[in-house]
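**Student:** Now for the letters of each chain:
Number of protein chains: 4
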Amino acid sequence: MQRQIEVGVLGATGMVGQHFVKFLQGHPWFKLTWVGASDRSAGKKYREATSWRLAGAMPEAVADLQVEECKPGNAPKIVFSATDASVATEIEQAFAKAGHTVVSNSRNHRMDSDVPLLVPEINAGHLGILARQKQARGWPGQIVTNPNCSTIVLTMALGPLKQFGIRRVLATTMQAISGAGYPGVPSMDINANVIPFIGGEEEKMEQETQKILGDYVDGALRDMDARVSAHCNRVPVVDGHLVATSVELGSKVKVDDLIRAFESFRAIPQERKLPSAPARPVIYMAEKDRPQPRRDAERENGMACFVGRVRECPVLDFKFLALGHNTVRGAAGAAVLNAELMCSEGLIQ
Amino acid sequence: MQRQIEVGVLGATGMVGQHFVKFLQGHPWFKLTWVGASDRSAGKKYREATSWRLAGAMPEAVADLQVEECKPGNAPKIVFSATDASVATEIEQAFAKAGHTVVSNSRNHRMDSDVPLLVPEINAGHLGILARQKQARGWPGQIVTNPNCSTIVLTMALGPLKQFGIRRVLATTMQAISGAGYPGVPSMDINANVIPFIGGEEEKMEQETQKILGDYVDGALRDMDARVSAHCNRVPVVDGHLVATSVELGSKVKVDDLIRAFESFRAIPQERKLPSAPARPVIYMAEKDRPQPRRDAERENGMACFVGRVRECPVLDFKFLALGHNTVRGAAGAAVLNAELMCSEGLIQ
Amino acid sequence: MQRQIEVGVLGATGMVGQHFVKFLQGHPWFKLTWVGASDRSAGKKYREATSWRLAGAMPEAVADLQVEECKPGNAPKIVFSATDASVATEIEQAFAKAGHTVVSNSRNHRMDSDVPLLVPEINAGHLGILARQKQARGWPGQIVTNPNCSTIVLTMALGPLKQFGIRRVLATTMQAISGAGYPGVPSMDINANVIPFIGGEEEKMEQETQKILGDYVDGALRDMDARVSAHCNRVPVVDGHLVATSVELGSKVKVDDLIRAFESFRAIPQERKLPSAPARPVIYMAEKDRPQPRRDAERENGMACFVGRVRECPVLDFKFLALGHNTVRGAAGAAVLNAELMCSEGLIQ
Amino acid sequence: MQRQIEVGVLGATGMVGQHFVKFLQGHPWFKLTWVGASDRSAGKKYREATSWRLAGAMPEAVADLQVEECKPGNAPKIVFSATDASVATEIEQAFAKAGHTVVSNSRNHRMDSDVPLLVPEINAGHLGILARQKQARGWPGQIVTNPNCSTIVLTMALGPLKQFGIRRVLATTMQAISGAGYPGVPSMDINANVIPFIGGEEEKMEQETQKILGDYVDGALRDMDARVSAHCNRVPVVDGHLVATSVELGSKVKVDDLIRAFESFRAIPQERKLPSAPARPVIYMAEKDRPQPRRDAERENGMACFVGRVRECPVLDFKFLALGHNTVRGAAGAAVLNAELMCSEGLIQ
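Which chain is which? The protein sequence lines are U, D, H and B, in order.
Under the working numbering, the residue at position 148 of the first sequence is numbered 148, and the numbers go up by one with no gaps.
Under the working numbering, the residue at position 243 of the second sequence is numbered 243, and the numbers go up by one with no gaps.
Under the working numbering, the residue at position 119 of the third sequence is numbered 119, and the numbers go up by one with no gaps.
Under the working numbering, the residue at position 194 of the fourth sequence is numbered 194, and the numbers go up by one with no gaps.
With the rest of the complex left out, here is chain U:
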């Protein structure tokens, strides 16, 4: 499948926007030809409007693009949204209304009952709700979202266990500083320290997980019938969210069954060999002290979820660790994979 689809990025000059620009570099299907940002930046070259903070240089082809206002007008059919939550609702709806497919990393529409909260390996079927979204909202375009960065890690690890009937999930996160953007966490707060609080994060993990692991039934999205509790902590790590997880399952299974489920897990993105899909979405590590954020998060282009230390839990049934790259699989890479899935489904013409 060879394609050359033009795409744009809303909020392209911010940190998440920069991650989109970097992740899209050399993409086999998508060509970034349009960058939108605030009025303050509009009219400048991307290189002038952007304080580039990522490792590696700014992609040359993008550096010379002129930054546009975040208005539909001449933007490509597909736009990735990295807009700030304070303005995302209005901007994203304007683009959907104007016929664009908005593939959003913002949190604003995630919990809407007619918006898919998509993890392509887990709930590709949720795309079915788009028909209702278009009808109800009267939009020629559409909005799909990806979850919060810590939710993605958790749900990718829980996906293979759905077959065993997930009843209760208790997840304690140790999250990287890059998850807070820039300037983000002051070094005086996090140097040689842990901050046991991230505003709104626990609620997001608890609610989003239930939506993602739920089902699309009778034309509606129905939450997973399970309880989820999250403890969210910030730790002095650059990239990679680590989640210490305990689960209670409906079926009588053993540790080996879980490991087999993790190792054999494949889904639509793998079957269709979507460009950004990892060969194996979940990688089980047998070493006694893995996964570790600094050593593992960047493997597999940052698109896999790493699982380790699967063992029995004296309180719930099993416990294990899950790790994922928060700015790749947890943000820009997630949205791009969502767009790839939609293209492969024929949902974007």
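Simulated from the structure, these hints should not be mistaken for lab results.
Fair warning: this is a prediction, and the values are worked out from it, not measured in the lab.
Treat the hints with caution; some may be incorrect.
Identical copies carry no separate label here, and so any pair may be met within one copy or between two of them.
[Unchecked claim] Cross-link-like lysine to aspartate or glutamate pairs, in silico, EDC-like; alpha carbons within 20 angstroms at most: (1) 22 <-> 298; (2) 288 <-> 206; (3) 134 <-> 345; (4) 45 <-> 287; (5) 22 <-> 68.
The hints should help you fit chains D, H and B onto chain U, whose structure is shown.
**Tutor:** Showing chains D, H and B alone in chain U's frame:
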């Protein structure tokens, strides 16, 4: 109460031994007059035998003590044991056999059915088992132990909740590097990283917690009838173990009841004003993002347990954070407080 | 000498202001009775106006003070200035004009030819310039300043060498994040990284050092006749600025002469036993790998300069390391010691 | 130039050995077919003998190699030496005596008068001394070495300035923990700290720099006639040595001349397009706060030297920063480039 009781430290040149030496400096009851270490060190001055690694200078009075072999002989009646687990069983028993009270930080005898695993605020009554220990072992002396550093933090936070009937506890730790001694954790492993494994730690937390929160009934120690699960992680923090905790309780209570229980908690060490006892064993912090290891662990001379973010848990009943100083309240300070309690009970003549 | 002198702090709610509040707690001469801040805070209690970020609790006696506007009015005779550079000129001059002694940590007046840039152990004689300041400016009050935090460390180490004739100084700093205030350095910039640039810092070190080590001659301050070059770097350390220093001297001396000069150095603050003066202003550490910021900066109440690794330099004559606590000796403690010196000189009635 | 030259690695199971194994993966000329290690490992598969500590998985092709003793026998013609200094002299000489070309990262022969201490961009001409080495030692083989990791960074930055006549160099390093191998620096020493001492490092930087920047004249290596002084510090950074450098030059030049010299610098490895040679050996960064180890060291495959903040120095003539990747350009990559240069010179048949 004015006293001047001579004490010794077994394993005085190692890291835990150094913490004992530092903590005992200026103690109003105990005077450190005897330091024991391996044959290699015996005969040297303490200052020559010891590679001092703690902040602040080595106490002058101790620096000139001659290091002795770890044999009873001329040691004081009370000896604190900071000996390595590989030799602690033999050494500690030799001292007890020779009539000494061994107040140990080593793990070897913690789970013995006739050895108190003591947290003075929580289970002072467990000292009753010493009668059986002396009788069964035929020792003129005795051995008492303090828990693992992460267990102490957890049990101090759970102590005030025992009245509500503890049924299930799920604890995820973020532990400081000082807990691993010296050289301990290689910087290449922990710099900007998390190591989600600490050998033997989860088992210790699960078992020790049940013993400590259990009761001394009919001349025997009976474990708490509750299930405990621990996830143990090392994080790049210098001092202070933070424990994200979820609990299920037998009584119908509310968040405010827990907070009141934490805030009003006082026990024997406070009533008797033992020298190392914190004024309040558990300090509830109302700020939304506390406690934090670097900012809070050293308060109250490192002897209190800090609790915060008490809230409902969608999976068990409540969740909260607990923090304690691992090398003070979790090691040397714990043992010294144990000895103070025993003196106040008249268990050491 | 027993005193009870009321003092105030300008800019008391900011980070430097908080350091003043903390440092003054329990001071034997000075009683903090007045706190000034921006209009936004004026009228509130200090505890409500301040987001306290220091380790340990906010001093109770100060918490209940009402924050005042930074205007002379009812402020005490001595005010410490922790005001932001953007407003310090105007505020400090207003107080001096109204008869107050302004002991400032701000940079605004440091390089004025009639303002002492004071390090009490090094250049107490510079106070002589105050007569000219009062005359020239027509102020009943006066302004004295303390140097930049990294300059203090360097000059305290150079002070004992002044007798040998300092000709050239090349200083490379590794500075703690607390030096940048709050929120200060974003963790994404400094976690596991070095930032080899601190705005304005190199210029300050180069100019201030020459003023401080210069002389008060014939009613004027004359710069030291030496060349100074600084390389300033931010490193992921919480407190303590470390300065790798090479010096060229006018006299033929040996390493041992330097060590003796460091060890024997005492000055007016020590002779008069000023309350905040360290017993020894410069402490030479003989260990091969000291001083180190995390292990040494807090010793001696953070008021001493630690020197180590004195050795020959193949390019200039000697090289060594100097370390000091940047928020104590480098800021609040420096200013308080300045005020103590002035009281002891009878310069404040 | 297409080649397929078999190579071996001495000391292949250690940290430096692992860096060689990783760096040689997919090399267009060299195929790693032989791994040597201590007797303890010999006979095992590489995957069993090695505790792999690098990011990314162990290369499959190497994992199944059988580890050999470090004796000449069946080893390939070219062997890279990552042997420990305690055994390197004997092992490397045995291989040279048996006709092998030993391309060593060990320090043992670096300062021998008949051994090139090679940085291909700087002193390729030093290979001329090999004729004398072979003659004097009577070896059919030969030994070449690469410098210490911090020396390489410094000399690559000084190379372009040699034309201006280098007279004095004062270099203060901030070195990454990976430079100390594994387990290397204990986290208790370096977490939120600086260790201002690295054993033997300052002497190496001072001596090696003079040899590298010297000339091969009249059949002998003659040291650069300049003075070099190094201050070496360990900082909590994972990879990348940063060197704050001041230089005195013989010619009257300006800052712009230095920048031009850095930017235009190209040498034999670039002309011959050696596989591991960076396109530009020295990359000048114009940003005010670069280079930075975490953001820049890995660029250009870790083979370039990054220079920034070129400015006048009030003590010597100019000051600037230099940064390089210590385990790539400073170790394995350096040796591989040395071997590539020697192949391109026809020095290895």
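**Student:** Name the hints, by number, that the structure is in violation of.
**Tutor:** none
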